Amino acid sequence: MTTARLPLFPLNVVLFPGLVLPLNVFEERYRAMMRELLKTDEDEPRRFAVVAIRDGRETAPTALGMPDGVNATAERGPADGFGPDPVQSFHRVGCVADAAKIRERPDGSFEVLATGTTRVRLLSVDASGPFLTAELEELDEEPGEEAGALAEGVLRAFRGYQKRLAGASERSLTTGAELPDDPSVVSYLVAAAAVLDIPAKQRLLQAPDTATRLREELTLLRSETAVIRHLPSLPAVDLTRAPTHPN
390 MTTARLPLFP
400 LNVVLFPGLV
410 LPLNVFEERY
420 RAMMRELLKT
430 DEDEPRRFAV
440 VAIRDGRETA
450 PTALGMPDGV
460 NATAERGPAD
470 GFGPDPVQSF
480 HRVGCVADAA
490 KIRERPDGSF
500 EVLATGTTRV
510 RLLSVDASGP
520 FLTAELEELD
530 EEPGEEAGAL
540 AEGVLRAFRG
550 YQKRLAGASE
560 RSLTTGAELP
570 DDPSVVSYLV
580 AAAAVLDIPA
590 KQRLLQAPDT
600 ATRLREELTL
610 LRSETAVIRH
620 LPSLPAVDLT
630 RAPTHPN
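Going by the working numbering, the letters in the sequence shown line up with residues 390 to 636, in that order.
Just so you know, not all the hints are guaranteed correct.
Unchecked claim - What follows is a set of in silico ranges between Cβ atoms, one per label pair, in the way DEER data are often shown: (1) Thr608 / Ala489: 20 to 28 angstroms; (2) Ala421 / Ala393: 29 to 37 angstroms; (3) Val616 / Ala421: 38 to 46 angstroms.
Stated by the list, open to error - Pairs of lysine-lysine, DSSO-like flavour, derived with a Cα cap of 30 angstroms: (4) Lys552 / Lys590; (5) Lys428 / Lys490; (6) Lys590 / Lys490.
It should be emphasised that the hints constitute simulated quantities derived from the structure, not laboratory data. Fair warning: this is a prediction, and the values are worked out from it, not measured in the lab. For every residue, glycine included, the Cβ atom is placed at its ideal position computed from N, Cα and C.
With these hints in hand, go ahead and build the complete structure from the sequences.
If you want it as structure tokens, here you go:
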């Protein structure tokens, strides 16, 4: 079992391997995390773990940048908003993020662009420092049975789903680029791009193997496409980039 200790960034989003994650970092606990990551040599990965929040909030109620007019300089502890035992507030399977870009702004906040790399299981959370850290176990991605055939079916179903979202306009899975042929990559791209709630995306992230994830995606896509037929046209979704998240 391969384990690692990394900074922990809880978010109201499920990060998948391959997904680009923009972050607007303004709370001091996460600023401290970014300052620490910047100490890492540029040739080395600047890694942190992202887990979806099960119970809690990304931002402390009086955090810098919040629009409630309270004291913006108030310091918040690393576990604020996550209860007395933070690990209970998070989903247990998350994803390691590699920060390719960390840019500090004049006001001390950070613009961050990271990419999901490896699934991990959350073993424990340490709130004793300036930011949360976690002990993590890396999760291997097993293909499962018939992953290749399932991936082809999911791609076909996703094209139909995406056309429905875009009002039947032509739009390919990767916006003009070649389609991925690795079933695990297909499973992650579709899971990230489908308009699903956090519990559904979390189930896909923690699927025991690629084939299981693809089977669930096929069911979800068919169901969602049937629902969308009866709804007004919706804009298509970017497949590899999540919305920018404030911490």
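Evaluation of the provided hints:
1. Here the CB-CB span from Thr608 to Ala489 is close to 34 angstroms, at odds with the stated 20 to 28 angstroms.
2. Hint check: Ala421 to Ala393, Cβ distance near 20 angstroms, so the stated range 29 to 37 angstroms is violated.
3. A beta carbon spacing of about 43 angstroms between Val616 and Ala421 agrees with the range 38 to 46 angstroms that was offered as a hint.
4. Only pairs whose Cα atoms come within 30 angstroms are accepted, and Lys552 paired with Lys590 is accepted, the gap being roughly 21 angstroms.
5. Straight-line distance between C-alpha atoms of Lys428 and Lys490 comes to about 13 angstroms, which keeps the hinted pair within the 30 angstroms bound.
6. Distance hint between Lys590 and Lys490 is fulfilled; the C-alpha atoms sit about 26 angstroms from each other, no more than 30 angstroms.
Checked against the numbered hints listed earlier, the structure breaks hints 1 and 2; every other hint is satisfied.
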